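Now for the letters of each chain:
2 protein chains.
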Amino acid sequence: MQLFYNSDLLTTSKEITFNKDESRHIIRVLRKKEGDILHITNGKGILFFAEIIIGSDKKCIAKIIKYEEKPCTRDYYLHVVIAPTKNNDRLEWFLEKATEIGIDEITPIICKNSERKVVKIDRLERIIQSAMKQSLQFTLPKLNPPVNFSDFIKNDFSEETFIAHCEESIEKKFLKNIASPKSKYTILIGPEGDFSHEEIQQSLNKKFTPISLGDNRLRTETAGLNVVQSIAYLHQ
Amino acid sequence: MQLFYNSDLLTTSKEITFNKDESRHIIRVLRKKEGDILHITNGKGILFFAEIIIGSDKKCIAKIIKYEEKPCTRDYYLHVVIAPTKNNDRLEWFLEKATEIGIDEITPIICKNSERKVVKIDRLERIIQSAMKQSLQFTLPKLNPPVNFSDFIKNDFSEETFIAHCEESIEKKFLKNIASPKSKYTILIGPEGDFSHEEIQQSLNKKFTPISLGDNRLRTETAGLNVVQSIAYLHQ
Numbered sequence: 001m002q003l004f005y006n007s008d009l010l011t012t013s014k015e016i017t018f019n020k021d022e023s024r025h026i027i028r029v030l031r032k033k034e035g036d037i038l039h040i041t042n043g044k045g046i047l048f049f050a051e052i053i054i055g056s057d058k059k060c061i062a063k064i065i066k067y068e069e070k071p072c073t074r075d076y077y078l079h080v081v082i083a084p085t086k087n088n089d090r091l092e093w094f095l096e097k098a099t100e101i102g103i104d105e106i107t108p109i110i111c112k113n114s115e116r117k118v119v120k121i122d123r124l125e126r127i128i129q130s131a132m133k134q135s136l137q138f139t140l141p142k143l144n145p146p147v148n149f150s151d152f153i154k155n156d157f158s159e160e161t162f163i164a165h166c167e168e169s170i171e172k173k174f175l176k177n178i179a180s181p182k183s184k185y186t187i188l189i190g191p192e193g194d195f196s197h198e199e200i201q202q203s204l205n206k207k208f209t210p211i212s213l214g215d216n217r218l219r220t221e222t223a224g225l226n227v228v229q230s231i232a233y234l235h236q
Numbered sequence: 001m002q003l004f005y006n007s008d009l010l011t012t013s014k015e016i017t018f019n020k021d022e023s024r025h026i027i028r029v030l031r032k033k034e035g036d037i038l039h040i041t042n043g044k045g046i047l048f049f050a051e052i053i054i055g056s057d058k059k060c061i062a063k064i065i066k067y068e069e070k071p072c073t074r075d076y077y078l079h080v081v082i083a084p085t086k087n088n089d090r091l092e093w094f095l096e097k098a099t100e101i102g103i104d105e106i107t108p109i110i111c112k113n114s115e116r117k118v119v120k121i122d123r124l125e126r127i128i129q130s131a132m133k134q135s136l137q138f139t140l141p142k143l144n145p146p147v148n149f150s151d152f153i154k155n156d157f158s159e160e161t162f163i164a165h166c167e168e169s170i171e172k173k174f175l176k177n178i179a180s181p182k183s184k185y186t187i188l189i190g191p192e193g194d195f196s197h198e199e200i201q202q203s204l205n206k207k208f209t210p211i212s213l214g215d216n217r218l219r220t221e222t223a224g225l226n227v228v229q230s231i232a233y234l235h236q
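Chains as they are written, first to last, in the numbering used here: chain A, 1 to 236; chain B, 1 to 236.
Honestly, the hints are just simulated from the structure, not real lab data.
Note that the coordinates shown come from a computational prediction; the quantities given were computed from them, not determined experimentally.
Be a bit skeptical, because a hint or two may be false.
Intra- or inter-copy, both count: the list cannot distinguish identical chains.
[As the list claims (entries may be wrong)] Result set (DSS-like, lysine-lysine): computed pairs, CA atoms no more than 30 Å apart in a straight line:
1) Lys-182 <-> Lys-172
2) Lys-59 <-> Lys-206
3) Lys-66 <-> Lys-184
4) Lys-70 <-> Lys-206
5) Lys-154 <-> Lys-63
6) Lys-120 <-> Lys-86
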């Protein structure tokens, strides 16, 4: 099944008009014809079935014939707050994989040791969208704008909060031993140079629990995916 | 700590001569000088400490002053047999991440639906080496030459064997519920087009247990890393 994405679709929508690129892809690449049925999600848990009524490769139009509710089946809510990697590909890779495995919310966080302090949100958004489509999911993870650590840590946190840092003096536990199932989690992943000592202290003051990701030194994006898979595993 | 790799080093070795590229990297990029200590592993569980005695950026030579045994701390053995991805980057990405998280042996397998039937082993080997160094490990995962499914499945398997396929008619369980801890595992991951029905049947005849990786449709490399992290998680 080939899944399309259009955030504007509502259960009351009657038809959908694809832009030039999408139309070209549908008609020229996928060889779809008038009468063919397309599967489209709005990223809000709805799957639409639409019949192509105008098969133009410049402006393809499809009539919505029915929709199905496809609520997210995960029984937890995971928010990963991760420092952008020096190499953009690595953060993008994390977003693709985290979306495939299952994540609800992502916030890029700019830390004292962050070498990269700017991220292209539009590009990251497109990566999340295509990963959602590719993995046949119908709810789009929420991508927040980048935030500075000092601002982020000022928030009030009612959910379970964890931080993955590398300071060895502080005792750490494995997520599987401390995270309670079917809960809401916010997990902090630091930059290549780790969180600063101050940032770690600020998170501890806010009752973040330090977690261990194993004995090996993991790259930022590997640590990020590691917690996504650990939380998924906890709920299998 | 910056870790170097030289597979020729033995506990009896007296000194190490770096090639031109390594020498340039050590002297020009890392700015190491005569008298500085380098950390080198042979990928066989030994960490060597070597003092630079000739700091030439064309031919750097270091004298081995001591070594430490650093046996792999994992209490299981994981062999992932995975179909090369159509896009090389994705297999390479899997190798990097699997090495970071922890894997013992990897075999590229060519299946009926494999779009890619050739892999550059040298390049994959280098990716595994740098991931080992980067994650501060001292044992190099074993990379086998590519094998055809039909040949591979002829082997006798004494270890615990699993296959991750997408056929829905066959009941699947989660690894965490069927893999016994501290064991030896061989896990099959198929190509983009999944294993063929025959291949799945052949694996079932050989007592491979079908496993579920969750509800989402995962890419080959994501499925591969998913099992690596699941087995690691099982042993946390």
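How the hints compare with the structure:
1. Lys-182 <-> Lys-172: both (22 Å within a copy, 23 Å between copies)
2. Lys-59 <-> Lys-206: neither (52 Å within a copy, 52 Å between copies)
3. Lys-66 <-> Lys-184: neither (33 Å within a copy, 49 Å between copies)
4. Lys-70 <-> Lys-206: neither (36 Å within a copy, 37 Å between copies)
5. Lys-154 <-> Lys-63: Neither way: Lys-154 and Lys-63 sit 48 Å apart in one copy and 52 Å across, limit 30 Å.
6. Lys-120 <-> Lys-86: Answer is both; intra-copy 13 Å and inter-copy 27 Å each pass.
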